[in-house]
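Trainee: One letter stands for each residue in the lines below.
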Amino acid sequence: QKEVEQNSGPLSVPEGAIASLNCTYSDRGSQSFFWYRQYSGKSPELIMFIYSNGDKEDGRFTAQLNKASQYVSLLIRDSQPSDSATYLCAVGNEKLTFGTGTRLTIIP
Amino acid sequence: EPEVTQTPSHQVTQMGQEVILRCVPISNHLYFYWYRQILGQKVEFLVSFYNNEISEKSEIFDDQFSVERPDGSNFTLKIRSTKLEDSAMYFCASSYTKGLAGNEQFFGPGTRLTVL
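Chains as they are written, first to last, in the numbering used here: chain A, 1 to 108; chain B, 1001 to 1116.
In short, the hints are calculated from the structure, not lab data.
Computed from a prediction, not measured in an experiment: that's the story for all the values here.
Yeah, the Cβ is synthetic: ideal placement off N, Cα and C, and Gly gets one too.
Keep in mind that a hint or two might mislead.
Not everything, but these chain A residues come out facing chain B in the computed CB check (under 10 Å) [to be verified]:
(1) Asn66
(2) Gly92
(3) Lys95
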């Protein structure tokens, strides 16, 4: 059974600070890793994807991948109240396996 | 910006009835997916579809479920005889490829299915 694990939170971060979200996965053969944001009652919205070990930056977001440790993370710099949402880690090339999500709250 | 669309946004049905959920994937995408999310739970894969046939399906996708691409734009999920436990948000997604680069899946807004 392929598993994706996330800390469910809630994670509270002051506005302007860095939010750090973590995810581990069980399938060593996984090649594609995604971070989605989901607001309550809405669909997952793609934020970042990463395929290679190391860091990938896109604006205030940085995804980090360590395949040896089977670990992927998302950093959000200069956190804004609008970043408050559930962040879903997803793994897979075709079929995506999702984690349960981490609920993030940015405190003004 | 291209997006995946889904109809209806909310479907209420009686147990045992058939429902069809509709999706229009992004126009140049070739891979199509259905996922579901039971309230308070994780997003779960149901089925993937490519070149007019099922590519992969999960244990959830039993004989009560079927998918079809009846024309060049629509992608449908049919549940033949709904059960109470089918109540969930159903998301359609599409991607250009399934290999690295281009396999990002974009999700539609979802259909909330309520089975009474």
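Trainee: Which of the stated hints cannot be reconciled with the structure, identified by number in ascending sequence?
Mentor: Violated hint (a single one): 1; every other hint is consistent with the structure.
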